[in-house]
Amino acid sequence: MPASPALKTILGQPSWRIATPSVEAYLTQTGGHLGPVTFTLKGRKIRPYSVAPWHNEKLGHEHPHIIKGLRGDFFCLPFGGNSTPFRGERHPVHGETANRPWALEQITQDASGIVFRCGLRTKIRKGRVQKIIALRAGDNAIYQKHIITGMSGPMPLGHHAMLSFPDEPGAGLISTSVATHRQVWLEPTESPAARGYSSLQPGAIFKNLNSVPTVWNTKADLSRFPARRGFEDIVINVNDRTLPWAWTAVVFPRQRYVWFALKDPKVLSATLMWISNGGRHYAPWNGRHVNVLGLEEITGFFHTGLADSAGKNPLRKFMPTAVNLHPTRPLEVNYIMAVASIPAGFDHVDSIEGVDGGVILASRSGKLAAASLDLSFLLSKIVS
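First residue of the sequence shown? That's 0 in numbering that gives the first Met the number 0, and the numbers climb one at a time after it.
Keep in mind that the hints were calculated from the coordinates and are not lab data.
Computed from a prediction, not measured in an experiment: that's the story for all the values here.
All C-beta atoms, glycine included, are put in the ideal place defined by N, C-alpha and C.
Don't take each hint at face value.
To be verified - Derived DSS-like pairs (lysine-lysine); straight-line CA-CA distance at most 30 Å:
id : residue 1 : residue 2
1  : Lys-125   : Lys-218
2  : Lys-122   : Lys-366
3  : Lys-366   : Lys-41
4  : Lys-122   : Lys-218
5  : Lys-265   : Lys-122
6  : Lys-125   : Lys-311
7  : Lys-206   : Lys-122
8  : Lys-311   : Lys-265
9  : Lys-206   : Lys-316
10 : Lys-218   : Lys-366
11 : Lys-122   : Lys-7
12 : Lys-265   : Lys-206
13 : Lys-206   : Lys-366
14 : Lys-311   : Lys-206
15 : Lys-57    : Lys-7
16 : Lys-41    : Lys-7
17 : Lys-218   : Lys-206
18 : Lys-125   : Lys-206
19 : Lys-366   : Lys-316
20 : Lys-44    : Lys-366
Claimed, not checked - Just the calculated beta-carbon pair ranges, DEER-fashion:
id : residue 1 : residue 2 : range
21 : Pro-191   : Leu-367   : 33 to 39 Å
22 : Gly-87    : Glu-167   : 45 to 51 Å
23 : Arg-46    : Gly-286   : 19 to 25 Å
24 : Ser-371   : Gln-105   : 21 to 27 Å
25 : Asn-323   : Pro-63    : 26 to 32 Å
26 : Gly-202   : Leu-6     : 19 to 25 Å
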C-alpha cells in the first residue's frame, strides 16, 4: 500500500491527489468536492469541471463550506437546501457530506489502478458514509461509490457534478437517456428582489429539452449551452427506472470529446439541471458564475431538501423523492463519470450501449464513439 498522500492546497482548498496516467483528480478534504479533474485523452488535457471563481477569496462566516470550496462534483446527503427542519433535523445545504471534513482511510494502488477510501461520521442523523473513488488503468473514467450505514428514515441524496463550458453560445450539446417526465422548478429559481433572475416558465412541463417555455412566452433550447446569459434556472428530468442504467451526456464538437455519466436509475431517479449563467448578483456570485451547468443525479424533490422530499409533493406521482434508509442494510450509490474522443460530425448523444469492455456512444447523426469502462461497477453490491 502506498504511503498516505499529504494534503496540498489546490485552488484554495486542502486536497488529496488521486491519479493514474489517464486521470488526475483532486478531492477536497472539506466537503469531499472532486475537482479539479484532468483527463488525458489521446495526448490532450481535458478539464471539464467548473471551479467557483471566488476559490482564492476569503469569504465570511455567513457562507457555508460548500460555497467556499464549490467545484467539480460532490455527494449530497441530504440533497438540497434543507432550510426546513425535518423531525428535529436541520441539515446544512446539501448535507454534512458536502460541508464537513472527510477522514482518509485507505489507498491501494497497483498496475490495475488506484482505489481511494475516506469516511465521514455524520452527527445530525447519526451514521457513517464511506466514499470510494476508483481509477482504472487505461480508462478515462472516475468510479465513485458511497456506502451509507447506520441511518434510518427517508433521505434525498445525489451527486452534484458541475461542468464548465467554453464561452461560446451553444458550445456544448446536452442529452439524457429516456425521461418519463420533465419539468421546470415550480417557482422562479431566482427573484429580482433578491438580485437574481430566471428565464424559464415556473412549473412548465415539457417533452424535449429543445423546446421549454420561457417567461416571455417563447421556447428555450436547453440542449445547447451556454445560453441565456444573465439567468439561473432549474429543471428536472425523471429517468425511466426500468432501464439497466441511465445516462447524461454533453458533446463538445469543437473540442472533439464527449463527457458522460452513468448511474442506476433505481437509486438515483432523476437528473436535475442547474443552469447557471450569471443570474445571481448577490455575494459571492456577483454575476460572475457563468457558463456552468450542473448535471446532478439525484433522488429528491427538485433542490428543496429533506422535509419536502420526505413529505407529500407533486413529483412523487412520477418518481420516489427520497430513499428509505435502514440501519442494518447499507445503501450503495454508484456513479461513473467519463470522457471519450468523438469523430467529426458527432452531435447530441442518442444512445449509450454496453459492449464487452465498455460502451458505444451513438450520436443522432449516426456517428459512433467508444469508451473503455467497467459497467459492472454500477450495479455491484459487494463492498471490497
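Right, here's what the structure says about each hint:
With a CA separation close to 46 Å, the supplied pair Lys-125 and Lys-218 exceeds the 30 Å bound. Of the pairs offered as hints, the one joining Lys-122 and Lys-366 is violated, with about 50 Å between alpha carbons and a cut-off of 30 Å exceeded. Taken as a hint, the Lys-366 and Lys-41 pair is honoured in the structure, with Cα atoms around 19 Å apart against an allowance of 30 Å. A threshold of 30 Å between alpha carbons decides the hint, and for Lys-122 with Lys-218 the separation of about 45 Å lies outside it, so the pair is violated.
With a C-alpha separation of about 27 Å, the suggested pair Lys-265 and Lys-122 falls inside the 30 Å cut-off, and the hint holds. Pair hint Lys-125 plus Lys-311 holds up; C-alpha atoms about 25 Å apart against a cutoff of 30 Å. Annotation: proposed proximity of Lys-206 to Lys-122 is violated, straight-line Cα distance about 41 Å (limit 30 Å). Taking the CA atoms of Lys-311 and Lys-265, the gap is near 20 Å; set against the 30 Å cutoff, the hint holds.
With a C-alpha separation of about 17 Å, the suggested pair Lys-206 and Lys-316 falls inside the 30 Å cut-off, and the hint holds. This hinted pair checks out: Lys-218 and Lys-366 have alpha carbons roughly 28 Å apart, not beyond 30 Å. Distance restraint check for Lys-122 and Lys-7: the Cα-Cα separation of roughly 27 Å lies within the 30 Å cut-off, and the hinted pair is therefore satisfied. The suggested pairing of Lys-265 with Lys-206 holds, with an alpha-carbon distance near 21 Å, which does not exceed 30 Å.
Simply put, Lys-206 and Lys-366 have alpha-carbon atoms about 25 Å apart, close enough for the 30 Å limit, and the pair holds. About 24 Å separates the Cα atoms of Lys-311 and Lys-206, which keeps this hinted pair within 30 Å; it holds. A distance of roughly 18 Å separates the Cα atoms of Lys-57 and Lys-7; the hinted pair therefore holds under the 30 Å criterion. Under the criterion of a C-alpha separation no larger than 30 Å, the hint pairing Lys-41 with Lys-7 is consistent with the structure, at around 28 Å.
A hinted pair counts as satisfied when its Cα atoms are at most 30 Å apart, and Lys-218 with Lys-206 qualifies at roughly 12 Å. For a cut-off of 30 Å, the pair hint linking Lys-125 to Lys-206 is broken: about 40 Å separates their Cα positions. For the given pair, Lys-366 sits about 37 Å from Lys-316 by alpha-carbon distance, which is inconsistent with the 30 Å threshold. Proximity of Lys-44 to Lys-366 is assessed by CA-CA distance (about 23 Å); at most 30 Å being required, the pair is judged to hold.
Checked against the hint of 33 to 39 Å, the C-beta distance between Pro-191 and Leu-367 comes to roughly 46 Å, which is inconsistent with it. Between Gly-87 and Glu-167 the beta carbon distance is about 49 Å. The supplied range of 45 to 51 Å therefore holds. A hinted range of 19 to 25 Å holds for the C-beta pair Arg-46 and Gly-286, which are about 23 Å apart. The hinted window of 21 to 27 Å between Ser-371 and Gln-105 holds, with their beta carbons roughly 25 Å apart.
For the pair Asn-323 and Pro-63, the supplied restraint of 26 to 32 Å holds, since their beta-carbon distance comes to about 27 Å. About 45 Å separates the C-beta atoms of Gly-202 and Leu-6, a value inconsistent with the hinted range of 19 to 25 Å.
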